[in-house]
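These are the residues of each chain, in order.
2 protein chains.
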Amino acid sequence: MQLLKDRILKDGKVFPGNVLKVDCFLNHQIDPKLLKEIGKEFYRRFKDEGITKILTIEASGIGIACFTAEAFEVPVLFAKKNQTKNIASDVYTSKVESYTHSRIYDIIVSKEFLNKNDKVLIIDDFLAQGSALNGLIELVKNSGAEIAGAGIVIEKAFQNGGKIIRSQGVRVESLARIESMTDDGKLVFL
Amino acid sequence: MQLLKDRILKDGKVFPGNVLKVDCFLNHQIDPKLLKEIGKEFYRRFKDEGITKILTIEASGIGIACFTAEAFEVPVLFAKKNQTKNIASDVYTSKVESYTHSRIYDIIVSKEFLNKNDKVLIIDDFLAQGSALNGLIELVKNSGAEIAGAGIVIEKAFQNGGKIIRSQGVRVESLARIESMTDDGKLVFL
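Just so you know, the sequences run in chain order A and B.
Mapping of the first sequence onto our numbering: position 3 corresponds to residue 3, and the numbering continues sequentially without gaps.
Mapping of the second sequence onto our numbering: position 23 corresponds to residue 213, and the numbering continues sequentially without gaps.
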């Protein structure tokens, strides 16, 4: 998606250790116009799949998932990272390892909102090692729902997540795939 | 906002201890059509205020804030609950007490995205004791930006938060104000 790639090159910041900061438009500050176009692009790619639900994970996936859901005219469901007393005990759960926070946490969705009649499009902002996406895939499998695929905004294609998940037969559509980043701030798309 | 009140009466669930669950359309599963209307309603109420930025707090405020930002054609900024190594050290910070999780946590926003030239509309899903809203107000004050007001989806008007914050001179617009809830599931709007 050229609009997104241009924006990454214009406003993204590359830091040593393969860190790409896009927090001025994607995951801290959010540009709603760009996210609306991203939602439309996911719709264009998955519109014939009979999607009934968009699934994402808090927090930075939510905005993207909301605009995607608007394009599909279906609800969003976001997996929560901690069980609160305001969520029913009747939940699907799986585990996600966060490399950013260096810890493993549980993610949950209420059983009430996902079942075998659903066809799910998973949405997230980044795909690198694939831990969050794997956790979301496991949640959907536990529910008996069908996975239509995953829509990712930025894939670090030099890491293994995308390859492993595609090899499991899950369709992964990434709008910007990064081939390499260098410590002096250079970024190359696939 | 009648559409919202009707939805709360239809799909909200009241539990003992003044717990209102609206997780089937607002803060776990999200209905993008309803949120879009909510965003338009906040725009209608604050459109003459010269808003430059929408500020909310992760996670359940993000979807609402995104659709509100779309109506205003300005960026969203969401306060994060934990400092991650992907956020610059240059942040505004304040504290929020979570009654749901029974703990106090830091919230942060990057200084890069909020400054004295901004006029901010704060958005959140619930207002009860007002702790989250107070934390967000403090962040904005620290930045030197101006607060245009706060747009709240559901206010538990029988709790003190709204009264305290309005008494500080902050304009608070709540789309549904609940006067009372009973342990047997009854809910009355103001």
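Hints may contain errors.
Stated by the list, open to error - To give an idea of the chain B side of the interface with chain A (calculated C-beta under 7 angstroms), a few residues:
1) G240
2) G253
3) C256
4) E260
5) V266
FYI, nobody ran anything at the bench for these hints, they're computed from the structure.
Just so it is clear, CB atoms sit at the ideal spot from N, CA and C, and this is done for glycine as well.
List of violated hint numbers, smallest to largest: Checked against the structure, the only hint that fails is number 1, while the rest are satisfied.
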